[in-house]
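Each protein sequence line maps, in turn, to chains A and B.
FYI, the working numbering numbers position 1 of the first sequence as 1, with every residue one higher than the one before it.
FYI, the working numbering numbers position 273 of the second sequence as 273, with every residue one higher than the one before it.
Worth flagging that the hints you see were computed from the coordinates, not collected in a lab.
Keep in mind the model is a prediction, meaning the values are calculated, not measured.
A couple of the hints might just be wrong.
Which chain B residues face chain A? A few, computed with CB under 10 Å, are given here [what the hints assert, rightly or not]:
id, residue
1, S53
2, G57
3, E74
4, L78
5, P79
6, P85
7, L86
Glycine residues also receive a C-beta, built at the ideal position from the N, C-alpha and C atoms.
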Amino acid sequence: MAFVRLRAPLSELAGGRRELELDGATVAEVLQALEREHPDVKGWILDERGAIREHINVFVNKEYGREETALRPGDRVHILPAISGG
Amino acid sequence: MTELLVGTKKGLFVLEGTAGQPFEVTSRAFAGEPVEFATRDPRTGRTLACVTSAFYGPKVFYTDDVAGEWEQAEGLALPDEAEKPLERLWSVVPGEEDGLVYAGGAPGVLFESHDGGETWKLNDAFWAQPTRPDWSPGEGGMCMHSIATWPGDPSRIALAISAVGVWLSDDGGQTWRHGNKGLYPRYMPEEARADTIDLCVHNMHRAPTRPERLFMQFHGGVYRSDDAGESWTSIADGLPSDFGFPMVLDPEDADSAYVIPLVADMDRTTPEGRARVYETRDAGDSWIERGDGLPSNDAYLTILRQAFCGEGAGPTMGLYFGATSGDVFGSGDAGKTWFTAATKLPPVHSVRVA
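Produce the complete structure using the sequences and hints provided.
Below, the structure is given as structure tokens:
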């Protein structure tokens, strides 16, 4: 189990929850589990190909993570908008 | 009272007012997010908005109360074989059957909804065009911005894409063919102009009372078609520039069109620092400058392709346009005189009368 931490607007799409405990051996698997549990999140973090959107940053604890990044029990997966835009 | 839906770089603004006086911002939605386009379906009163978050991807939202809650539409995604995800949504247009709505997006894709915009499906025939691997995007991406339905006939549709030209269907979108004869892309090498499909249409509209007639703002060119988009004739003579993005027609006058020329593709601002709209009432044989009340000094405005719209028809037709400066201008007399409806909004992407 990993802890997925969300900020608005993603937390609003997840029923107002800012942290969820989800099953998965990789980042992709926990994000897919998040979509199953909260279907309104579908398409917001992962695109239709299952890839993390270009301007979304995923951290596993304090390191950048990608779809294939392996998770250990208790890891914290932070979903953050990239520092970009105008 | 006129209600405007103004899509901006930082959200959707709803403005209300009376022609001739400043408008008020009555509500705002999607704060901070780019709203490419918003329109109200006159058949149902439902408002639909294309929102392309830089972070969370393109979505369509809909509501029956613009000051209330919005619902996210479903199904706006590309198939598994796509190399990239859906990039952007540019336009939503009511179709010619109950509940039918079209949406155009990048990369050059058409979606259809049969429930007023709640659920969507990709038009597979257009997605599967065999030349698609050779298509090229314009500066704003490979955007399908213009969807011209045929009043009373859902089988006939014309599409325009930057930069993949005009596409026509006579069977409700099951098959598609080009409609590019006569278009002259002077941005291409001379040797390539005759055969290229890299045709950068900026805007295209159908005249509702004479639907075989369409008008087009091209990337360097203004054109008219009298054969339902099969071929095009230049009508740019008389304009200060043939470059620009938006276009409006008087829906009851098939000889009418309004354009807002910009200097050129290398300088996308209003010529000589003067904001001017040009009107034709003879199908492009001549153009009349309209600018009474518009900024005439040091006004280097950029007006994007969806940021100009009409309201009603005839001598009291309303016209409204917004600029990337955040200013919105209006006319309540078909362009003869103008007023400033709003200032200091974020850069304006789209303007539609609700």
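Against the structure, the hints come out as follows:
1. S53: Holds, because the Cβ-Cβ distance from S53/B to chain A comes to roughly 8 Å (cut-off 10 Å).
2. G57: 6 Å, holds
3. E74: With a closest approach of 9 Å, the E74/B hint holds.
4. L78: Holds, about 6 Å.
5. P79: 8 Å, holds
6. P85: 4 Å, holds
7. L86: Because about 7 Å separates L86/B from the closest Cβ in chain A, which is inside the 10 Å limit, the hint holds.
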